[in-house]
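Participant: As they're listed, the protein sequences go chains A and B.
Heads up: the first sequence at position 394 corresponds to 394 in UniProt numbering, and the numbers run straight through without jumps.
Heads up: the second sequence at position 69 corresponds to 69 in UniProt numbering, and the numbers run straight through without jumps.
Be a bit skeptical, because a hint or two may be false.
Taking CB as the label site, the calculated pair distances span [what the hints assert, rightly or not]:
1) R26/B to T180/A: 49 to 57 Å
2) T87/A to R26/B: 20 to 28 Å
3) K284/A to T360/B: 23 to 31 Å
Bear in mind the hints are in silico, worked out from the structure with no lab data behind them.
From the three backbone atoms N, C-alpha and C, an ideal C-beta is built for every residue, glycine too.
Number of protein chains: 2
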Amino acid sequence: MNLSNRINEMKFSPIRKLSPYAQAARKKGLKVLGLNIGQPDIETPPQFMETIKKYDEKVLKYSESRGEAVLLESFIRYYKDYGIEFTEENLIITNGGSEALQFALFSLLNPDEEVLIPEPFYTNYSSFTDIVGCKVRAITTYGDDGFHLPKMETMESLITEKTRAILISSPSNPTGTIYTKEEIRMLADLCLKYDLYLISDEVYREFVYDGLEVHSPMDIPEIEDRVVLIDSISKRYSACGARIGLVASRNKAIIQAMMKLAQSRLCAPTLEQVAAAALYETPKSYFEAVKKEYQERRDILFEGISKIPQVKVKKPTGAFYMMIELPIDNAEDFCMWILEKFSYKNTTIMMAPAEGFYLTKGLGVKEVRLSYCINQEDLSLAVEILKLAIEEYNKK
Amino acid sequence: MNLSNRINEMKFSPIRKLSPYAQAARKKGLKVLGLNIGQPDIETPPQFMETIKKYDEKVLKYSESRGEAVLLESFIRYYKDYGIEFTEENLIITNGGSEALQFALFSLLNPDEEVLIPEPFYTNYSSFTDIVGCKVRAITTYGDDGFHLPKMETMESLITEKTRAILISSPSNPTGTIYTKEEIRMLADLCLKYDLYLISDEVYREFVYDGLEVHSPMDIPEIEDRVVLIDSISKRYSACGARIGLVASRNKAIIQAMMKLAQSRLCAPTLEQVAAAALYETPKSYFEAVKKEYQERRDILFEGISKIPQVKVKKPTGAFYMMIELPIDNAEDFCMWILEKFSYKNTTIMMAPAEGFYLTKGLGVKEVRLSYCINQEDLSLAVEILKLAIEEYNKK
Numbered sequence: 001m002n003l004s005n006r007i008n009e010m011k012f013s014p015i016r017k018l019s020p021y022a023q024a025a026r027k028k029g030l031k032v033l034g035l036n037i038g039q040p041d042i043e044t045p046p047q048f049m050e051t052i053k054k055y056d057e058k059v060l061k062y063s064e065s066r067g068e069a070v071l072l073e074s075f076i077r078y079y080k081d082y083g084i085e086f087t088e089e090n091l092i093i094t095n096g097g098s099e100a101l102q103f104a105l106f107s108l109l110n111p112d113e114e115v116l117i118p119e120p121f122y123t124n125y126s127s128f129t130d131i132v133g134c135k136v137r138a139i140t141t142y143g144d145d146g147f148h149l150p151k152m153e154t155m156e157s158l159i160t161e162k163t164r165a166i167l168i169s170s171p172s173n174p175t176g177t178i179y180t181k182e183e184i185r186m187l188a189d190l191c192l193k194y195d196l197y198l199i200s201d202e203v204y205r206e207f208v209y210d211g212l213e214v215h216s217p218m219d220i221p222e223i224e225d226r227v228v229l230i231d232s233i234s235k236r237y238s239a240c241g242a243r244i245g246l247v248a249s250r251n252k253a254i255i256q257a258m259m260k261l262a263q264s265r266l267c268a269p270t271l272e273q274v275a276a277a278a279l280y281e282t283p284k285s286y287f288e289a290v291k292k293e294y295q296e297r298r299d300i301l302f303e304g305i306s307k308i309p310q311v312k313v314k315k316p317t318g319a320f321y322m323m324i325e326l327p328i329d330n331a332e333d334f335c336m337w338i339l340e341k342f343s344y345k346n347t348t349i350m351m352a353p354a355e356g357f358y359l360t361k362g363l364g365v366k367e368v369r370l371s372y373c374i375n376q377e378d379l380s381l382a383v384e385i386l387k388l389a390i391e392e393y394n395k396k
Numbered sequence: 001m002n003l004s005n006r007i008n009e010m011k012f013s014p015i016r017k018l019s020p021y022a023q024a025a026r027k028k029g030l031k032v033l034g035l036n037i038g039q040p041d042i043e044t045p046p047q048f049m050e051t052i053k054k055y056d057e058k059v060l061k062y063s064e065s066r067g068e069a070v071l072l073e074s075f076i077r078y079y080k081d082y083g084i085e086f087t088e089e090n091l092i093i094t095n096g097g098s099e100a101l102q103f104a105l106f107s108l109l110n111p112d113e114e115v116l117i118p119e120p121f122y123t124n125y126s127s128f129t130d131i132v133g134c135k136v137r138a139i140t141t142y143g144d145d146g147f148h149l150p151k152m153e154t155m156e157s158l159i160t161e162k163t164r165a166i167l168i169s170s171p172s173n174p175t176g177t178i179y180t181k182e183e184i185r186m187l188a189d190l191c192l193k194y195d196l197y198l199i200s201d202e203v204y205r206e207f208v209y210d211g212l213e214v215h216s217p218m219d220i221p222e223i224e225d226r227v228v229l230i231d232s233i234s235k236r237y238s239a240c241g242a243r244i245g246l247v248a249s250r251n252k253a254i255i256q257a258m259m260k261l262a263q264s265r266l267c268a269p270t271l272e273q274v275a276a277a278a279l280y281e282t283p284k285s286y287f288e289a290v291k292k293e294y295q296e297r298r299d300i301l302f303e304g305i306s307k308i309p310q311v312k313v314k315k316p317t318g319a320f321y322m323m324i325e326l327p328i329d330n331a332e333d334f335c336m337w338i339l340e341k342f343s344y345k346n347t348t349i350m351m352a353p354a355e356g357f358y359l360t361k362g363l364g365v366k367e368v369r370l371s372y373c374i375n376q377e378d379l380s381l382a383v384e385i386l387k388l389a390i391e392e393y394n395k396k
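Chain A with its partners taken away, still in its complex shape (with noise of 0.2 Å):
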């Protein structure tokens, strides 16, 4: 009675594999600080769930496949907003930005075919192409160079005839980093060059700070019929119980094969569909208080963290995520040991260990990333821990 080869060899969660250790600490009565996961503690706009209060159908009803009107409507005027045009033909509402990114890999990859992905990448790239079948290629990047591409031939030399896409996640989790136009230019002539496809994750793409812009590979036309969009609610209106993500393109070939896989699993929550649809009237100062409250965050934690010894960290300019260095030989298991050995003021905190980022062994494993969707104040608190954690540590 064996499992599936491919259910084995899948691994857990690293975000969220210290989860046991957290709720063991907060057994003997510690507070639990969360570093751990881009869980935002921002209030989502009160539209959802008014809007949810009003809904009146009698039968709660299976949605269109495609996604309800409202809500494609909704997202279309928002793209619109950033010089973005789409039909609905273009779209399909997807459980996630989690479903959108399945979608987009099946539907581009053969099992036996790569993707190019910058690492450290969000872990759960590795879960979708696992299930999927493909292999991904790493395009390793570094703190140094605050996580940028390499340049184009670093680039080309990991193109195989293999390869059929690359996948983006800008602003990125988890390193925060925003490509510049120039970055995004290179992947366009990439993708033009060696006959790819680009996918490109952009659910952060409000968190932006120090006045930068974010730049789509939606916004180039010679490439239109290559970039297939991951989009979410979220994080940009701090409705992730919602599962309500988008993927999204301008090749009509692509989204009717993805409607394949959409008509297969029904339709993504009606309810949710409708609320989050209204959600596009949140108002502009909504977004600049939310951003506002994220960079304070960011420098807060920045600054702190940029103080304690021998700590590597370049200031991230999106997202809400920050890979450090610390001067610990493996992060996993200083995360274990905070959480079971360490506290102050009653307080210990949890950290995301950065190996399961990385594909290629051995890269990560003094680094840990950083959320801050926690408040200020326990953000400072989150920082003198850490400090005293790694004295304490390297004291052992």
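With chain A fixed as given, assemble chain B onto it according to the hints.
Facilitator: Below, chain B alone, put in the same frame as chain A:
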């Protein structure tokens, strides 16, 4: 710029593929009676929306990957009422029964391995095996036998070295057949003799008529580590749009393996889970009224259909589907023709051609699946339209 071979080979849903013809008919001002889809018209129990309206968390957070504790608890109590004992560790909440099936198939079968499925079967079973990449071998069943299983020897003749699992639905979509205690026992014996898993799709558990009983493989202790149960609230509580399903097993290794898939897509929708949990409180009288209504509809449909000359039908005993054989060469052409060319009392009907429910080429060409999810008056009119349409079509 090719798409993947797998997506190219996948088919569009045969249940939804006539939708454009129905839309065209509606545009002409006709009323279209939908006998094609299992979307119940029964009201969702009011507890669902009442619970949602009381939800007052400020942030719509991710749920646990396994599911909201309150919903797991509610399912545990629901099964207990059926004499099936589960703990939280036996369950994972999924995005509908669809995701539950994908989790099970992916975890149990390698790409070159086979799952036995009685045909005709729910068309999306093929989609899920296509996505997972495993093979289906059909156990052909026949209308003349009420779509019951063949005898043990026939079943055994279909088992190869590559067979890893049997997938059944009882009460069955699309046939409405409920397997007898002896049939379930035979499946258990096969699983023990040939070291197979049994995936049991029981989403129609409450839809059983004529005082019959549903037998679950979960009731057979010798195979308890071989059974994976698929469930959903969609049909039971007329809540298809909630997308809340469940996969259950007493084999903890299977559940632990599937948790990797659950973590990769983060969670099922939070609000819908909280609301679904409240549905356990649905009074018995709700189900009694629903059952009475569906049994009456089945009788109206069955009696009406039986009177149409040359149409072959046996009375089904569960779910809300009926497979009928028409005196027509090609049922799909006929279904399109009705939508395009035929109406009576300004009304036409949409049916699901049954060829797509069969894996074996040539089977089901003259058959259609009818669902009885519309009210009794419309159902009587639908039968009349079908009778007249057959006469008219065969005059051509």
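Participant: Give a verdict on every hint.
Facilitator: Hints, one by one, checked against the model:
no.: 1; hint: R26/B to T180/A: 49 to 57 Å; in the structure: holds (50 Å)
no.: 2; hint: T87/A to R26/B: 20 to 28 Å; in the structure: holds (22 Å)
no.: 3; hint: K284/A to T360/B: 23 to 31 Å; in the structure: violated (59 Å)
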